[in-house]
Every structure is written in C-alpha cells, then in structure tokens.
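Undergrad: Each chain, written out:
There are 2 protein chains.
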Amino acid sequence: MKVLVVGANGRVGSHLVDKLVENGHFVYAGTRRDNLTSSSNNVRYVHIDLLASPEAIAENMYDAEAIFFVAGSKGKDLLKIDLNGAVKVMRAAEHKKIKRFIMLSSVFALNQDKWNQSFLKDLTNYNIAKHFADHWLINNTKLDYTILQPGVLKEEPGSGKIDVNIDYPSENSIENVVDTLVQSLQDPNTIEKVITMSDGKTPISDALRNL
Amino acid sequence: MKVLVVGANGRVGSHLVDKLVENGHFVYAGTRRDNLTSSSNNVRYVHIDLLASPEAIAENMYDAEAIFFVAGSKGKDLLKIDLNGAVKVMRAAEHKKIKRFIMLSSVFALNQDKWNQSFLKDLTNYNIAKHFADHWLINNTKLDYTILQPGVLKEEPGSGKIDVNIDYPSENSIENVVDTLVQSLQDPNTIEKVITMSDGKTPISDALRNL
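Protein sequences, first through last, are from chains A and B. Read the first sequence against this note's numbering and you will find it ends at 211, with the numbers running on by one and no gaps. Read the second sequence against this note's numbering and you will find it ends at 211, with the numbers running on by one and no gaps.
Note that these hints are calculated values from the structure, not bench results. Treat the hints with care, since some could be wrong.
It does not matter which identical chain is meant; a pair holds if it fits inside one copy or across any two.
Listed below are the simulated EDC-like cross-link pairs for lysine to aspartate or glutamate, each with C-alpha atoms no more than 16 Å apart in a straight line [to be verified]:
{"id": "1", "residue 1": "K161", "residue 2": "E175"}
{"id": "2", "residue 1": "K19", "residue 2": "E175"}
{"id": "3", "residue 1": "K99", "residue 2": "E65"}
{"id": "4", "residue 1": "K80", "residue 2": "D113"}
{"id": "5", "residue 1": "K142", "residue 2": "D187"}
{"id": "6", "residue 1": "K114", "residue 2": "E55"}
Taking the hints into account, I'd like the entire structure generated from these sequences.
TA: Okay, here's the thing in structure tokens:
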C-alpha cells in the first residue's frame, strides 16, 4: 500500500518509515525539510509543512492511500503543530478522500480525569493539544481512524507483546509502538478504535484482533 | 434574569457585570479569586477556577439561567484557559442544563484563511485556541450559543452603533462590545449565530435584529 507518514524524521516516524517498507509498503515520508532523498526505492520524501494551509498539505499527499500522523513539537509549538497541524492534515486527507488515518496520540488524552496522576502532571498542555486533536478526528471527520495512545516511550528493542485498553500507565518501547502502528494499518478491526497501550504480555496481532 | 459571567474581573467582564445590572439582571460574577464581595445587591461573586474540573465549575453556577464566557489568559495560558477552560465551562453548562451560552471570541477565529492578514499575524496561537473553543460550542454541544467576534478592543466610550458580519478588521470600543453582549442575551435572533463585529453605523439592537 502507498502510505504517508507525517513526521517522518521524528523519534517514532523514522522507525515507522523503515518498518513500513519492511512490510512491503511504499512510503511518502513527510517532513517540513526540503530536498531530502532516500536510499530506498520504496521511500519518497515529501514536503509537509504543518504551518501551511490544508490545501498546500493536500498537494503533497500524492496518491497515498493511508496516513500516519506521528508529528509533534515536543511541547514547543503545541497549538500550531500538535493540535492545529494535526487537524489540518485531517482536513487535507478529507479533501483528498484518503479515508484511512492512523494517529499517534498519548495515553489518556481523551480522559481528563486522569491528568492529575503524577506521571502526567507536567503534561497538561500536551494532553490538551492531543485531546482536541483526537476529539476532532473522532467527532468532526468521517475518516476511518485508529488512535493509538501509548504512555512513556523508551528507546528500547520491542518485545512484540503489548497490553491494550490499559487503565494504568506503563512504558512502551518505540519498536512495539511502531509495530502496533503498522499492524493497525493491516487490521481493519482497529478502525474507529481508540487504543491505550503499553508493553505487555499479548502478541500485538492478537491484541489488535481481540480489541 | 440570573446570569453567570465567567471572567468577571477582566477587561470586558468588569464592564459587562455593571451593564447587566443596569439592565435589570442578577449577576453571578465568576472569577478565580476567592472571597470577593460586591457593594451591589444584584452581584454575587462566585469562585470559578478554569483549572478545576467541569463538575467543580458546575457547582458554582448556582441557578444561573445564562452564561457569558469572557475570560482569557492574555496569551499566557491559551491551552488551559482560553481553550480547555472555555470547553470545561460548556461541559459544566450542559451538566447544569443551562442552555444559553454567549461567548466572547475574536474576529475571524473560525476563518483560518484570514489569519495571515497583518493585524492577526502575531495572534495565531490565540486564534487557534479561540477557533477550537468556538468550534466545540457550535459542533460539540447542544447549547443555545451566540458567538461574538470583535476585532481589536479599545478603552473608549461606545457609540452604540456597530457593523456586523464584517469581512474587514476594525476597532471596537469595549462599551460597544459589552452592549452587544447584553443585547444578545435579550434578542433570541442571536441564537446559533456567529457575529463578527466592529464599531460602525447601525444601532446595536437593529444590527442584531437584522442578522
């Protein structure tokens, strides 16, 4: 499948591009940087500027059939990037009639009652931005969304095993998150689902099949 | 009527409280400060903390029959106050079944195409916060809203005359904005309307009646 990764040079995005190619997909790797080239025939860098208009963003989506949104400002520009940037990409996707939209969000972003927990306490602004982006995707678009909400990300090898629909916070290896994103694309059971996750005990494909 | 003003000590709110009393209303004056008292029998200060939960906010709405949201962080806490604080008040209003909700927004907050105009260029983060708050009120609540969107506010006496549904920016005396808010409460024709405005040529009541 041809897929667009928005935030392709990020902490998650760079691994996601590689894993998608390993799984046989062709990747439009969207970043705000220009003139990047890939050594892989299955990756084409495209210019996606989240400060541009939805129309300008749509132009560089080409013939992508699905979109991953894994961009983030690391707290530096939450309103323009994490919130409005995400919504612009949704609008562009609708304009291009690209239905499948897989969003990397954050654990409990839709559950404000949990934001007082110690591990989230310094992240309220981030959570608000993700909250309104997730909410828009669910309620203000007709996209076939999957929203993946892991907790803290760690630069560690993946176990291939996760827990889903968690109600306690826990760590996530980036590889597990990336594998879950890729397998979400391949499993229609993830459509219209919001999935909290952490490293855990169930093989990813089983966890998604039994959502 | 008994009305709640959220942001009652602000630049607009303080004038709004006075004008509402002049027009025969009883005002719950909502601020985050505690233990304030008014010299007027028709004003009661209530503690409204926009960082608290919607349930806690609802508790201090008492028997208000309509709500004005005129709070703002002046750019200092846009995600928590101008966006999520506003939405919490909407949720609290729905919880309390207070249907009438009058929002002070900002010119073109729902029209991103205009945010590149010079007078708005430094206000993108503010516009994003107001955009998502306005959008929530329209699309994610069943409240009887009026959204008033003036441009730049000036500390000047009002002329009592405005232009509405403007497509160019212009100045607004705070008194004109306050008078328009009060008259919106009294004119059901303003329900489910988004009203851009500036100081202008038409008496306020006529402008609202002919929306």
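Undergrad: Look at each hint and say if it fits the structure.
TA: Hints versus structure:
no.: 1; hint: K161 with E175; result: within (10 Å within a copy, 62 Å between copies)
no.: 2; hint: K19 with E175; result: within (9 Å within a copy, 60 Å between copies)
no.: 3; hint: K99 with E65; result: within (8 Å within a copy, 42 Å between copies)
no.: 4; hint: K80 with D113; result: between (25 Å within a copy, 15 Å between copies)
no.: 5; hint: K142 with D187; result: neither (19 Å within a copy, 35 Å between copies)
no.: 6; hint: K114 with E55; result: between (36 Å within a copy, 14 Å between copies)
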